[in-house]
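Novice: In order, the protein sequences belong to chains A, B and C.
Everything in the first sequence is counted per the working numbering, starting at 2 for the first residue and increasing by one.
Everything in the second sequence is counted per the working numbering, starting at 2 for the first residue and increasing by one.
Everything in the third sequence is counted per the working numbering, starting at 2 for the first residue and increasing by one.
Note that these hints are calculated values from the structure, not bench results.
Please read all numbers here as calculations on a predicted model, not as lab measurements.
All C-beta atoms in this analysis are idealised placements derived from N, C-alpha and C, irrespective of residue type, glycine included.
Worth double-checking, as some hints may not be accurate.
Stated by the list, open to error - Here are some chain B residues the structure puts well away from chain A; computed CB gaps all over 10 Å: (1) I6; (2) P74; (3) K154; (4) S183; (5) E202; (6) N218; (7) I223.
Said to hold, decoys possible - Listed below are the simulated BS3-like cross-link pairs for lysine-lysine, each with C-alpha atoms no more than 27 Å apart in a straight line: (8) K173/B <-> K266/B; (9) K154/A <-> K144/A; (10) K259/C <-> K29/B; (11) K144/B <-> K154/B; (12) K144/B <-> K29/A; (13) K144/B <-> K173/B; (14) K29/A <-> K262/C; (15) K266/A <-> K229/A; (16) K221/A <-> K154/A; (17) K144/C <-> K154/C; (18) K144/A <-> K173/A; (19) K29/B <-> K29/A; (20) K266/C <-> K229/C; (21) K154/B <-> K221/B; (22) K29/C <-> K144/A; (23) K259/C <-> K229/C; (24) K173/C <-> K29/C; (25) K259/B <-> K229/C; (26) K173/A <-> K221/A; (27) K29/B <-> K144/C; (28) K259/C <-> K229/A; (29) K229/B <-> K259/A.
What the hints assert, rightly or not - Across the chosen pairs, the derived CB separations fall in these ranges: (30) L168/A <-> E118/C: 30 to 40 Å; (31) K262/C <-> S89/B: 36 to 46 Å; (32) E33/B <-> S86/C: 17 to 27 Å.
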Amino acid sequence: MARPIVTLTTDFGTRDNYVAAMKAVMLKTNPELNIIDITNEIRRHDIMEACFIIANTYHYFPNWTIHVVVVDPTVGSNRRAIVASINSHHFIAPDNGVLSGLFQDPEDIAVYEIDAEHYYLRPLSSTFHGRDIFAPVAAWLAKGVEIENFGEKIDDYVDLQLPVPELVEEGKLQAEIIHVDSFGNLITNVTRAQFEQMLDESENHAFELAAEGLLINDLKRIYAECDKDAPAALFGSTSQLEIAARQRSASEILGFEKGAKLTIKFS
Amino acid sequence: MARPIVTLTTDFGTRDNYVAAMKAVMLKTNPELNIIDITNEIRRHDIMEACFIIANTYHYFPNWTIHVVVVDPTVGSNRRAIVASINSHHFIAPDNGVLSGLFQDPEDIAVYEIDAEHYYLRPLSSTFHGRDIFAPVAAWLAKGVEIENFGEKIDDYVDLQLPVPELVEEGKLQAEIIHVDSFGNLITNVTRAQFEQMLDESENHAFELAAEGLLINDLKRIYAECDKDAPAALFGSTSQLEIAARQRSASEILGFEKGAKLTIKFS
Amino acid sequence: MARPIVTLTTDFGTRDNYVAAMKAVMLKTNPELNIIDITNEIRRHDIMEACFIIANTYHYFPNWTIHVVVVDPTVGSNRRAIVASINSHHFIAPDNGVLSGLFQDPEDIAVYEIDAEHYYLRPLSSTFHGRDIFAPVAAWLAKGVEIENFGEKIDDYVDLQLPVPELVEEGKLQAEIIHVDSFGNLITNVTRAQFEQMLDESENHAFELAAEGLLINDLKRIYAECDKDAPAALFGSTSQLEIAARQRSASEILGFEKGAKLTIKFS
């Protein structure tokens, strides 16, 4: 039988022993685990970045993979810990909104507060629940402990509002850069489906994407078609509209960061 | 049966193929290994940092995990290679003091010089014993080769003096920052046990922690209780006294590096 | 039976989910895989660096390891995807020359264009073939699908000219720095065999290595014998001539980058 997979998404970095301590605790309880790093380089304390990463990654894994997501600036406070079953995957995280990207179809969501302390590592620290709570819960869940055993089902989990494109006038969207990847590609919150529908419905099937110092009115298909100096638009691997330059960082060229606004006018 | 675990703690970084070559050599000898990186980003040539990391991490792994620690600035010289059994774990390292943090209870320590050359990779390089000696020895040890087979038992292994807090006068400790983590938290060499005992024994159960530009006289419990701009003190996940700021780097705010001194006066 | 090993060599970095998405897709098809990162920090779009890394690493792994190499600046264009059997290992890569270092002995090389689309992930993106083509092909190959099933055998794969030392006059080589490792060691394209043969054949068995601001006429054996400030020459772990300084970056001291030229005169 295949070994159970546990993934890690954290802001712990890879210089310290924090990630290794979590893996160690998991393997001590369940030596059969196959632990895969999604990334441990979420920008420090950036809950929304972790949100983006896990929502765009989990579904490529086999069903019932256990995803541990730890970006936890209020660790040790009264924020709750949760374990959830969503779309045939398991998630373990602080209840601070880091899973917000996943709470779309209420029918497929069951969220439990973690409070069964006998599964915790002892002594329990107040500063590192990744090691002391999330890791052992993941290992026991992978061993077959039923999700109900970790605590009570809750409905009032934190569900943050993710930025969606706004229809500011007929045929005109205000959109936003929601992720800058490490190539410097600027990923917007406009999906291919939404873009194509608005383009279809427009009179001339034309569009104009505008932001400070940027004006784009055609789509490229691949990065190699983009210009080296003038960033262009295309649909990237997340099927979201992306602004990119050929073999260069569009973020550096334009000086755009996450949160930068842009408008798309279809005409 | 669970696969044998080998951990890696090195200063090789992750850009080159050095870590991968070690993993390759191990898997060629023993394809069943589960190789876990503790970190490969020890500060270059910093034996004391590797010392801190391995001593604070190994015990979270299952017993008899094999820990390979390679920070080895004098590789190829007459420094010895060692394999050790300590507190029911195995360690493989250059004999340069990198395991010093583990040599506390002589009853649980057995150290062997590695000189059984038939276990080495051929040809043996003079610059990369991680790949040519430590990796194959780890793989053979995990396969069941007895530790005595790698060489003679020795007692004169290098055991460096680690910095411990000094009682400079009645009720006053001089302590030291022994690790700066990648969040910028400043970890001191004062343990919770020592701190609490001195606080208990003091007249008013009060303390004053002082360093250049820093004066602290209370303890926080969690990071979220710390101020963003004025670093505070708390016990971190190693159970050692730590100086930290909320969601910021205390190291940057204070300009403190590893080795910075501080005093704690109990009154 | 040991789990099949797949290695990854990419320029995707570790901050994003690109590497994790590839691993996820592979594990979904074949949960038994043991996926090992060679490195995901190839300099962005640097085909020659990936070439150097994979050629110097693959042979340490067990035979028939599957090596996935993705540095792919023209992804989505008409560049082909290939799967190859070379020297009893498997390789999967874009056909852009990234495997050039391996194409030395035509007898041991069989290269196939990948075009069996039923193995691809659906929907197929035009920007991320690592996830959509290379990962699933690796997983199916590891599951026992015959290499011929992925497409037609080809002979016109891209084979880039790698820089080799040039005999500019009798007894005088012009060589080149072909890799700068993360320690700052400068690795040249002169092999130990070539160097030793020319030294043997020279009259006085002496040599003079010269480059801008650098003059070396002896060989060190290990890094610890090098000077801290004046870089020296030695044979490193690849058996190639290397310029290094003791516990410092020779690249920084000399200001040399990849591509820097040097001459070696034997006399």
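Novice: Evaluate each hint against the coordinates.
Specialist: Now for the hints, and whether the structure bears them out:
1. Some Cβ of chain A comes within 10 Å of the Cβ of I6/B; the nearest lies about 6 Å off, and the non-interface call is violated.
2. For P74/B, the shortest C-beta to C-beta distance to chain A comes to about 19 Å, beyond the 10 Å cut-off, and the non-interface label holds.
3. With a minimum CB-CB distance of about 28 Å to chain A, K154/B clears the 10 Å threshold, and the non-interface call stands.
4. With a closest Cβ-Cβ approach of about 4 Å to chain A, S183/B is found to fall inside the 10 Å limit, against its non-interface label.
5. Non-interface status of E202/B relative to chain A is upheld: no Cβ of that chain comes within 10 Å, the nearest being about 23 Å off.
6. With 10 Å as the threshold on Cβ separation, the claim that N218/B sits away from chain A holds: the shortest Cβ distance comes to roughly 20 Å.
7. Not every CB of chain A is more than 10 Å from the CB of I223/B (nearest about 3 Å), against its label as outside the interface.
8. Taken as a hint, the K173/B and K266/B pair is honoured in the structure, with Cα atoms around 4 Å apart against an allowance of 27 Å.
9. Between K154/A and K144/A the CA atoms are separated by roughly 20 Å; this keeps the pair inside 27 Å, and the hint holds.
10. Only pairs whose Cα atoms come within 27 Å are accepted, and K259/C paired with K29/B is rejected, the gap being roughly 32 Å.
11. As the CA atoms of K144/B and K154/B are separated by approximately 20 Å, the hinted pair is consistent with the 27 Å bound.
12. Distance restraint check for K144/B and K29/A: the Cα-Cα separation of roughly 20 Å lies within the 27 Å cut-off, and the hinted pair is therefore satisfied.
13. As the CA atoms of K144/B and K173/B are separated by approximately 51 Å, the hinted pair breaks the 27 Å bound.
14. With a C-alpha separation of about 52 Å, the suggested pair K29/A and K262/C falls outside the 27 Å cut-off, and the hint is violated.
15. Our distance criterion of 27 Å between C-alpha atoms is met by K266/A and K229/A, whose separation comes to about 25 Å.
16. Taking the CA atoms of K221/A and K154/A, the gap is about 47 Å. The hint is violated against a cut of 27 Å.
17. A threshold of 27 Å between alpha carbons decides the hint, and for K144/C with K154/C the separation of about 20 Å falls inside it, so the pair holds.
18. In summary, the hint linking K144/A to K173/A is not supported, as the alpha carbons are separated by about 51 Å, beyond the 27 Å threshold.
19. For a cut-off of 27 Å, the pair hint linking K29/B to K29/A stands: about 25 Å separates their Cα positions.
20. Between K266/C and K229/C the alpha-carbon distance is near 25 Å, which keeps this suggested pair within the 27 Å criterion.
21. Proximity of K154/B to K221/B is assessed by CA-CA distance (about 47 Å); at most 27 Å being required, the pair is judged violated.
22. With a C-alpha separation of about 20 Å, the suggested pairing of K29/C with K144/A holds against the 27 Å cut-off.
23. A C-alpha spacing of about 21 Å is found between K259/C and K229/C, which places the hinted pair at or below 27 Å, so the restraint holds.
24. Restraint check for K173/C and K29/C: the C-alpha separation of about 55 Å exceeds 27 Å, so the hint is violated.
25. For the proposed pair K259/B and K229/C, the alpha carbon gap of about 23 Å is at most 27 Å, so the pair holds.
26. Between the alpha carbons of K173/A and K221/A the distance comes to roughly 21 Å, so the proposed pair stays at or under 27 Å and holds.
27. Between K29/B and K144/C, the direct Cα distance comes to roughly 20 Å. Compliance with the 27 Å bound is thereby established for this hinted pair.
28. Among the hinted pairs, K259/C with K229/A is consistent with the structure: their alpha-carbon atoms are about 23 Å apart, no more than 27 Å.
29. With a C-alpha separation of about 23 Å, the suggested pairing of K229/B with K259/A holds against the 27 Å cut-off.
30. L168/A and E118/C have their C-beta atoms about 38 Å apart, which keeps the hinted 30 to 40 Å range intact.
31. As the Cβ distance of K262/C to S89/B is approximately 55 Å, the hint placing it in 36 to 46 Å is violated.
32. Under the hint 17 to 27 Å, the C-beta atoms of E33/B and S86/C, about 25 Å apart, fit the expected range.
Consistency with the previously given hints fails for numbers 1, 4, 7, 10, 13, 14, 16, 18, 21, 24, 31, ordered from lowest to highest.
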